Amino acid sequence: MTERASLIVTNARVLTMDPDRPRAEGVALAGERVLAVGAADDIAVLAGPGCEVIDARGATVLPGFVESHLHVFMGGAELDHLQLAGVTGRAALSEAIQAWAQARPDKQVILAQGAEYDMLGAPVSRADLDAILPERPFAMLASDHHTAWANTAALRAAGLLHGATLPPGNEVVMGEDGLATGELREFDAFEPIRTLAGEERVNLGISTGLEPDLPPTPAERARDCEILARGLEHCARHGITSMVNMDGNRYTLELLAELHDEGRLNARVRVPFHYRAFRQLSDLEEASALARDYRDDWLNSGFVKLFMDGVIDSGTAFMLDGYGDRPDHHGAALFDAEEFAAIATEIDRRGLQIAVHAIGDGAVRRTLDGFAAARAANGARDARHRIEHIELIHPDDVARLGALGVIASLQPGHVPGTPGVGTEPTLTKIGAQRWRDAYPCASLRDAGARLAFASDWPVVDVSPLSGIQAALVRRPYSPDCRDERVGLLEALAAYTIGGAYAEHSEDRKGMLRPGHLADLVVLSDDIEAAAPERIGAMHAAVTICGGRVSWRAA
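The sequence shown begins at 1 in the numbering used here and counts up by one.
No lab work stands behind these hints: they were computed from the structure.
Since the model is a prediction, treat every value here as computed from it, not as a measurement.
Each hint should be verified, as a subset may be incorrect.
Said to hold, decoys possible - Cβ pair distances, simulated, as ranges:
#1 Asp328 with Ala85: 30 to 36 Å
#2 Gly515 with Ala376: 35 to 41 Å
#3 Ser478 with Ala99: 19 to 25 Å
#4 Ala376 with Leu210: 18 to 24 Å
#5 Asp446 with Thr2: 31 to 37 Å
Where a beta carbon is used, it is the ideal one built from N, C-alpha and C, also for glycine.
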């Protein structure tokens, strides 16, 4: 007996990402799997009793987007923070902060997101923020989430006003008066303020990767579940059906498992073991335990996340030849070469994947050296280790990704000069002589690297459509820079089958093919007919994950 469909999408321009059948008019789903892909008439006859039929109205249908790098727990919490994206100048900043604070008189600590490094035309100080909100603790995070600025009340309450002893790469910037200026660089520096705001469990996955010191109460656990659910719903609104959460701990996985048991997990989520510099190699046994305990198509671990450096704008990215505006400053790597090689070798020996945040060219090289050391020690395998971001790379290292089978996990929405992203201070810090090596994409592809696209939400908008637009409209910074754009179908692949490949799941998702997971997105329009600069204005009309509608636009 012919299997019948439980849900059909028809009247569509289906881009399957399947090279054997790249285009179709409809898709039939049976439970959690794709039943058929083909002509509208052939799909229609598969409808079973009670089958839902979704008319795409000629719009594009794609495999569900794979968001290859985000922070969903943190992003869910920050949906409830003051958003400062696009706010520049003292008057606008003051108005935004004061209005937000006045509307929330019972909120003891005010947190804001999306602050730009040059929003006041000069380094932000605690005095600047004291002039706006002197009595209540206030802190705002840079859009890249690697720097925060706090007022005196926040610094005092968090025990940071007189400085703090922190791990390498983290800094409470001190002034000539012996007190903190208000600038806090990297996670360990500003985590005490986020703890003040009651978000210590939300940020444990990225700040330390450790478990909560005390077992959360049932009320606290329920609150954390709701924060995660809010983040997941936000992603579903944008057509995302799979995500790689680039921070985490067992607690995060336990919360996601609770949501799954309640029928509220609306995306497939990978969560890493986070290896910070204070860890020991023996701690990797917990990474292996997570891989054993969470290994299905809804919740999965199986990889280790590390930070090799910080970011360019704060001067914490690790550079080979120094910064354009400070040639004697190189930033700092968070692991020395020998140490990282040993860590990578042990992770690889355990059969786990490695994902490394590496932004400066020095960090990228050290990461590649570590991957090469792991391969030399353990033998070559289909590891698909990853480098996250790659904002600057030495020309000698471009071909090494392809040669080592390393995934280039890139964020098109981070590229300076793309919509909503300023060029300064980033380009000045890189230096004009290195612009040709900055934010590679086409260069890495042509050298054999596999691409996976992402947003790093909440650093930038989680929308894959915004990321696709950014990948298509970016322009060279000078005549001697290569055009690093990719084509539309390549960008779509990097958000679908490329993301699936990066997590070893291309045999069951990332394309629409019979037997694959029933994850797809119906867009609001025909993406191939849209001008590149209009793609970001499109939206997901319907998101389907595991055969169930997880989002439907009104």
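Results of checking the hints against the structure:
no., hint, in the structure
1, Asp328 with Ala85: 30 to 36 Å, "holds, 33 Å"
2, Gly515 with Ala376: 35 to 41 Å, "holds, 38 Å"
3, Ser478 with Ala99: 19 to 25 Å, "violated, 41 Å"
4, Ala376 with Leu210: 18 to 24 Å, "violated, 32 Å"
5, Asp446 with Thr2: 31 to 37 Å, "violated, 45 Å"
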